[in-house]
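Numbering of the sequence shown is given in the numbering used here, commencing with residue 17 and proceeding in unit increments.
Keep in mind the hints are simulated off the structure, nothing from the lab.
All residues carry an ideal CB built from backbone N, CA and C; glycine is no exception.
Just so you know, not all the hints are guaranteed correct.
Unchecked claim - DSSO-like cross-link-like pairs, simulated, lysine-lysine; straight-line CA separation at most 30 Å: (1) Lys107 - Lys155; (2) Lys175 - Lys137; (3) Lys155 - Lys137; (4) Lys116 - Lys137; (5) Lys155 - Lys174; (6) Lys137 - Lys107; (7) Lys174 - Lys116; (8) Lys155 - Lys175; (9) Lys155 - Lys116; (10) Lys116 - Lys175; (11) Lys174 - Lys137.
Said to hold, decoys possible - Quick list of simulated restraints, FRET-style, between CB atoms: (12) Ser126 - Leu67: 38 to 44 Å; (13) Asp176 - Tyr135: 34 to 40 Å; (14) Glu91 - Met113: 53 to 59 Å; (15) Pro168 - Glu110: 25 to 31 Å; (16) Val167 - Glu114: 19 to 25 Å; (17) Leu67 - Pro168: 34 to 40 Å; (18) Glu147 - Pro68: 24 to 30 Å; (19) Glu110 - Ile65: 39 to 45 Å.
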Amino acid sequence: MKMVFMFLGALFLSCGASRFGGKEAPPQRPDESPYNEEFDPVPLEPEIIVLPRDKEESRETARDPVTIPQTPEAEGLEMTQGYRVQLLSGKDAEAAMEAKRRAIFMFEESVYLDFESPYYKLRVGDCLTREEAEALRRKAQRNGFSNPWIVPSRVFRKKDQHSDG
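Taking the hints into account, I'd like the entire structure generated from these sequences.
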C-alpha cells in the first residue's frame with residue numbers, strides 16, 4: 017500500500033508544469049511594429065511585355081462585335097407539341113457525346129443531348145408531324161443508328177408555321 021501512495025505521489029508531482037528552460041519574450045514598445053515596413057515589393061514584380069499585333073488582325077477584331085447567343089424566342093421560334101427521333105439512350109456520357117458529334121455531321125436538323133437521370137438521351141429533329149419524324153427515323157437508320165425511334169416531344173417551330181395535325 018505504501019508503494020501505491022509513493023507511485024501516486026510521484027505521478028502527481030510529475031504532472032506539474034515546468035518553468036525551466038523557457039525564455040519570456042521581451043516586452044514590445046508600442047511604437048515598434050513586428051513587421052518590416054521598409055520592404056518594397058514593386059521592384060519584384062515581373063516586367064509586362066506587350067506584343068505588337070498584326071494590323072489586319074487588330075482591325076478585324078475591332079470590327080467584329082461580341083456575339084451573344086440568341087434565345088429561341090429572339091430567333092422567331094416558339095415551342096409546340098411535335099416529334100423527335102431518339103437515336104440513343106444510355107448511361108455512358110462519353111458514348112453519348114461521341115454519338116452527338118456523329119449526328120451533328122450526319123443531320124441538317126438540330127441535335128439535342130438531354131440528361132434525364134441516369135440516362136443520356138440523344139434526339140434529333142423538330143418534326144411537326146409523325147410523317148416527318150418517320151422520314152427522319154429512316155434516314156437515321158440508313159446512317160448507322162441501329163434502333164432509332166420516334167418520341168413525342170416539345171419542339172421548336174417558326175412562329176408563322178402552323179401544324180396540320
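Each hint, compared with the structure:
Annotation: proposed proximity of Lys107 to Lys155 holds, straight-line Cα distance about 25 Å (limit 30 Å). For the given pair, Lys175 sits about 27 Å from Lys137 by alpha-carbon distance, which is consistent with the 30 Å threshold. As the CA atoms of Lys155 and Lys137 are separated by approximately 18 Å, the hinted pair is consistent with the 30 Å bound. Restraint check for Lys116 and Lys137: the C-alpha separation of about 10 Å stays at or below 30 Å, so the hint holds.
For the hint linking Lys155 to Lys174, the alpha-carbon distance of about 23 Å falls within 30 Å, and the restraint holds. With a C-alpha separation of about 9 Å, the suggested pair Lys137 and Lys107 falls inside the 30 Å cut-off, and the hint holds. For a cut-off of 30 Å, the pair hint linking Lys174 to Lys116 stands: about 24 Å separates their Cα positions. Proximity of Lys155 to Lys175 is assessed by CA-CA distance (about 27 Å); at most 30 Å being required, the pair is judged to hold.
Restraint check: the Cα-Cα separation between Lys155 and Lys116 comes to about 16 Å, which is no more than 30 Å; the hinted pair holds. Distance hint between Lys116 and Lys175 is fulfilled; the C-alpha atoms sit about 27 Å from each other, no more than 30 Å. A hinted pair counts as satisfied when its Cα atoms are at most 30 Å apart, and Lys174 with Lys137 qualifies at roughly 24 Å. At about 41 Å, the beta-carbon gap between Ser126 and Leu67 stays in the expected band of 38 to 44 Å.
For Asp176 paired with Tyr135, a C-beta distance near 35 Å keeps the hint of 34 to 40 Å intact. Taking the beta carbon of each, Glu91 and Met113 are about 25 Å apart, not inside 53 to 59 Å as hinted. Range check, Pro168 to Glu110: about 28 Å between beta-carbon atoms, so the 25 to 31 Å window is met. Distance hint for Val167 and Glu114: a CB-CB separation of about 21 Å, consistent with the stated range 19 to 25 Å.
Between Leu67 and Pro168 the C-beta distance comes to about 56 Å, which lies outside the given range of 34 to 40 Å. Between Glu147 and Pro68, the C-beta spacing of about 60 Å breaks the proposed range 24 to 30 Å. The hinted range of 39 to 45 Å is satisfied by Glu110 and Ile65, whose Cβ atoms lie roughly 40 Å apart.
Going down the numbered hints, you'll see the structure goes against 14, 17 and 18, while the others check out.
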